[in-house]
Amino acid sequence: MGPGVVLVLLAMYIPVVYTMYLSLTDSNGLDTPRFVGFQNYVTMFSDPSFLVSLMNTAIWVVGTLIIPVGVGLLVAYLSFGLKWAGIFRIPFLIPYALSGVAIGVVFNFILQNGGALSQALAFLHLPGAHTHWLEVAPLNTIVMILASSWQGIGVNALLFIVGLQSIPKEPLEAARIDGANGWRLFTSMIWPLLRPSTTIVVGLSIVNSLKTFDIVETMTQGGPNRVSETLGVTMYTDTFQSSQYGLGAAVAIFLTIVTVAASVLYLRRQLAIGDSSGSGKVTEA
Amino acid sequence: MISRVARYVVLGILGLLWLLPIYLLLANASKSNAEFSGSQLWTTGNLGAFWGNVVDVFTTTNVPGGLGVSAVYAVVAPVIAVILGACVGFAVIVLKLKHGFTWFFLVFCGTVFPIQMMVIPWFSFSANTGLYDTIVGMIIIYSIVALPFSAFVMRNFFTGISESVFEAAVVDGANVWRIFTRIYLPMSTSALVVVFILQATWVWNDFLLSLILTQTSARPVMPLLNALQSTEGGGPGYTVTLTAALLVSIPTAALFLFTQKFFQKGLALGQY
Numbered sequence: 000m001g002p003g004v005v006l007v008l009l010a011m012y013i014p015v016v017y018t019m020y021l022s023l024t025d026s027n028g029l030d031t032p033r034f035v036g037f038q039n040y041v042t043m044f045s046d047p048s049f050l051v052s053l054m055n056t057a058i059w060v061v062g063t064l065i066i067p068v069g070v071g072l073l074v075a076y077l078s079f080g081l082k083w084a085g086i087f088r089i090p091f092l093i094p095y096a097l098s099g100v101a102i103g104v105v106f107n108f109i110l111q112n113g114g115a116l117s118q119a120l121a122f123l124h125l126p127g128a129h130t131h132w133l134e135v136a137p138l139n140t141i142v143m144i145l146a147s148s149w150q151g152i153g154v155n156a157l158l159f160i161v162g163l164q165s166i167p168k169e170p171l172e173a174a175r176i177d178g179a180n181g182w183r184l185f186t187s188m189i190w191p192l193l194r195p196s197t198t199i200v201v202g203l204s205i206v207n208s209l210k211t212f213d214i215v216e217t218m219t220q221g222g223p224n225r226v227s228e229t230l231g232v233t234m235y236t237d238t239f240q241s242s243q244y245g246l247g248a249a250v251a252i253f254l255t256i257v258t259v260a261a262s263v264l265y266l267r268r269q270l271a272i273g274d275s276s277g278s279g280k281v282t283e284a
Numbered sequence: 000m001i002s003r004v005a006r007y008v009v010l011g012i013l014g015l016l017w018l019l020p021i022y023l024l025l026a027n028a029s030k031s032n033a034e035f036s037g038s039q040l041w042t043t044g045n046l047g048a049f050w051g052n053v054v055d056v057f058t059t060t061n062v063p064g065g066l067g068v069s070a071v072y073a074v075v076a077p078v079i080a081v082i083l084g085a086c087v088g089f090a091v092i093v094l095k096l097k098h099g100f101t102w103f104f105l106v107f108c109g110t111v112f113p114i115q116m117m118v119i120p121w122f123s124f125s126a127n128t129g130l131y132d133t134i135v136g137m138i139i140i141y142s143i144v145a146l147p148f149s150a151f152v153m154r155n156f157f158t159g160i161s162e163s164v165f166e167a168a169v170v171d172g173a174n175v176w177r178i179f180t181r182i183y184l185p186m187s188t189s190a191l192v193v194v195f196i197l198q199a200t201w202v203w204n205d206f207l208l209s210l211i212l213t214q215t216s217a218r219p220v221m222p223l224l225n226a227l228q229s230t231e232g233g234g235p236g237y238t239v240t241l242t243a244a245l246l247v248s249i250p251t252a253a254l255f256l257f258t259q260k261f262f263q264k265g266l267a268l269g270q271y
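Respectively, the protein sequence lines represent chains V and G.
Quick note, the first sequence lines up with residues 0 to 284 if you use numbering that gives the first Met the number 0.
Quick note, the second sequence lines up with residues 0 to 271 if you use numbering that gives the first Met the number 0.
Just chain V, with the same shape it has in the complex (with noise of 0.2 angstroms):
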């Protein structure tokens, strides 16, 4: 097994280290690579769409920070404890289950020109039946993180309960009996208490919204005319599409740096958990 684990190691740090070298070449997948130094850099920062793409990526990091997280968080703090907690999670469960690409197809079907929204719309007479929802920037990355805020909040939601769950019961019975309630009780009790979890949340939510591809190449391929991309999109559209591999793995590297950055802080308390409390999680299993 030795062997095998150590061809696996190759596959994945050979590539790693070819595609530096690639991001410092004029590679177009068919000609021998020609060295540019820093050439591929420079034109991606000054290719507009590029900027458009780390524009629509910053949006993505915020909007599923906000959306996914906080309506994660409601949902869970809401059904917490209830009667029928799990019946009335299912609805934000299921959506979980669905594959980005079937996620894609649905809103697409939703949010075309005269779809399903619009319909609605124009059925209640409220504004925007003609809106063009994938068609203006920034309205269709707004749109998309929506449909990914409606796969996303599911998962969050399932992690906050855990959090919530392993609470310890009697601080917050202290602080009822002392008179804090509904919302003072939220924001000094069990908000700090809840920190493990939003560790995670928040950390999962940064790296996967960093690494967005399927929703945006599943419904307007990162157009029209490149305005929805992501950095994920850009850099398959750069190399696949226009068969620019160096520019394309230029764009893979600053993906990976900004990823590895966002990733740094919240896998310390990974690896931490793996240490001591996470075994015993999955014991329980």
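Honestly, the hints are just simulated from the structure, not real lab data.
Heads up, some of the hints might be wrong.
[To be verified] Looking from chain V toward chain G, a few residues come up when the C-beta cut is under 8 angstroms (computed):
no. : residue
1   : Leu8
2   : Met11
3   : Ser78
4   : Gly99
5   : Ala101
6   : Asn107
7   : Gly114
8   : Gln118
9   : Ala119
10  : Asp213
11  : Phe239
12  : Gln240
13  : Gln243
14  : Ala251
15  : Leu254
16  : Ser262
Here the structure is a predicted model, which means the values were calculated and not measured.
Using N, Cα and C, we set each Cβ at its ideal position, and we do this for glycine too.
Starting from the known structure of chain V, fit chain G onto it as the hints suggest.
Structure of chain G alone, referenced to chain V:
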């Protein structure tokens, strides 16, 4: 008391809102192309038309072949990754491999890199070796991608097993292989199942890798589903496409609903 009622009401309204896209999916997957009119998207469909669409998916699109291919990937690659991952965890924690943490850290870093960082060389390599668009090639790639996470979980799991288990087995004269297969693997069934379920779901739902590394014969179901949306050359129409989206979601949805508890345990482990 009132706050309890308010919680039910808010959750209920939010839940109904969340079910609307599912309703639209079901309603329009059960309309025939003839009945389907662009202005009646919110009306209900009927079972007969749904069955007609299912038949259309199976007779007029390439989705059924993709379902078979996806099933092979989603079963074989996670099994390989889980077993290799258990080996890594066992070697690092139980056998106290020299520089074990370094090895583990190297494997673990694989969960941090985005796939974009490795996919160009994988594409070139598979094209040069004839592994491009082959089932074997894709199984190898999926196993590699799934290994780091499975090694991570199995290592954490083995840290929770007392050292005396290993020592007792050695005293009883069992060799390392026997200890691994007869004692440690059976003890960790639950962790192995969690990892398998998470990785099988991930492989089934993968879009990026399959889009880049396959074209026809080894293409799993997600890129095929995406291609149904294309209107160039006359796609199959929205009712059939939505039916296909529903069909490809059934395996993961069923797996998720039946193993929800496992999922909840696995979620805390990250990645998903």
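Any hints from earlier that this structure breaks? Give me their numbers in increasing order, please. Of the numbered hints given earlier, those the structure breaks are 12, 13, listed in rising order.
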